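Visitor: Sequence:
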Amino acid sequence: MTVTEALAEIRRGTAEIIDEERIETLVKAALDEGKTFSVKAGFDPTAPDLHLGHTVLLNKLAAFQRIGGRVQFIIGDFTAQIGDPTGKSETRKKLLPEQIAENAKSYKEQVFKILDPEKTEVLFNADWINPIGAAGMLELTTLMNVARMLERDDFEKRYKSGTPISISEFIYPLLQGFDSVHLDSDIEIGGTDQKFNLLMGRHLQRAYEKGKEQAVLMMPILEGLDGVQKMSKSLNNYIGVAEAPGEMFGKMLSISDDLMWRYYELLSHKSLAEIAQLKADVAEGKAHPKKVKEALAMEIVERFHSATDAEAAKAEFDRVHAKSELPSDMPEFTLDGPVWIAKALQDCGLEPSTSQARRDLKQGAVKMDQQKVDDEQLQLEAGEYILQVGKRKFARVKVK
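In terms of UniProt numbering, the sequence shown opens at residue 1 and continues consecutively.
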């Protein structure tokens with residue numbers, strides 16, 4: 001790989017790079033002289049599973065590994081106790097240490113589906129933040145003033161609206177920056193919403209006289225399945241990397257044709273030239289968007305599961321959706337009857353609440369035994385039923 005090719009891969013999909021000259025110098029030294037450099041990214045283990053939004057950063061870290069970089073994968077077991085205030089309109093609830101430990105374990109198991117373990121250091125920031133103690137924390141707070149903190153867009157909005165901001169939230173960016181000081185990081189990667197925190201690493205490396213300032217590379221935020229809002233578990237518009245192959249495949253097929261190209265650029269391992277050719281083929285009518293989308297879905301399922309799982313997921317999807325057949329495997333439930341249809345949908349996990357179930361019934365998104373149901377007051381008497389919500393959610397129900 002030439003330096004030019006390597007830099008093109010690094011720039012791929014990026015939203016902004018600060019100090020690109022430093023990255024070019026590091027990459028050139030790695031390719032020409034075999035030297036290595038460190039690339040840092042931090043993840044607070046606030047939920048047990050990673051989703052495809054997280055993998056936008058992981059893919060970029062993997063690209064740096066192929067060039068000669070060493071990844072510093074930070075699990076923020078200390079900072080998770082505070083909670084990253086980025087984009088938050090209120091103070092995040094504090095997680096229990098047991099939750100953090102369990103989520104961190106899950107993260108470690110999932111990241112190596114993308115990263116090379118031989119070129120990755122998994123680090124926990126409590127290991128160096130706890131030892132600095134109260135004196136060290138106090139010294140850290142002297143390196144940034146409140147006025148600068150309030151320049152952050154989310155802090156500024158909350159301050160002007162009178163929404164409380166805890167002192168611990170002011171400390172969060174300082175701790176993220178201190179990670180870069182302690183680890184002597186060369187490059188840090190994060191989302192565009194992390195810009196203030198990422199620049200804090202440069203500021204603190206300068207303040208601690210490290211003799212360098214890390215370069216910063218920012219990736220765009222991946223939209224969720226709705227194509228509008230940030231992919232998020234709380235918004236239920238996500239694809240989890242640990243989801244079952246069939247669920248993952250079906251969700252990928254549900255994205256819009258326009259969003260597909262965004263996913264190709266940020267998630268696929270295909271080259272930019274290959275993606276450009278696919279886009280041209282679709283525009284010229286040489287390829288159908290659904291087939292191109294299927295290829296992306298197969299690639300993603302294969303990455304997190306296997307080629308066999310990807311083939312099976314596609315075959316099952318075709319069987320259920322293209323031929324209007326029922327899935328060969330679906331969860332089974334036994335309920336006491338008579339039971340209200342909305343309650344049955346909730347009890348089977350097909351709906352998060354009876355109110356959502358009623359909305360879907362009104363919109364014609366619910367089927368019973370493959371026939372649409374729109375009666376919100378329907379009572380299920382004794383018998384066996386197959387309930388369905390949308391195109392992917394099924395349950396076999398026995399009412400006693």
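Honestly, the hints are just simulated from the structure, not real lab data.
Predicted model only: the values in this text are computed from it and were never measured.
The beta-carbon is built from N, C-alpha and C at its ideal position, and this holds for glycine as well.
Check before you lean on any hint, since a few could be wrong.
Here are the simulated lysine-lysine pairs, DSS-like style, with alpha carbons at most 27 Å apart [to be verified]:
| no. | residue 1 | residue 2 |
| --- | --- | --- |
| 1 | K362 | K372 |
| 2 | K113 | K251 |
| 3 | K251 | K290 |
| 4 | K314 | K291 |
Simulated restraints, written as ranges between beta carbons of each label pair [as the list claims (entries may be wrong)]:
| no. | residue 1 | residue 2 | range |
| --- | --- | --- | --- |
| 5 | G390 | T334 | 39 to 49 Å |
| 6 | K157 | E247 | 32 to 42 Å |
| 7 | S161 | V228 | 16 to 26 Å |
Visitor: Tell me, which hint numbers fail for this structure?
Guide: 5
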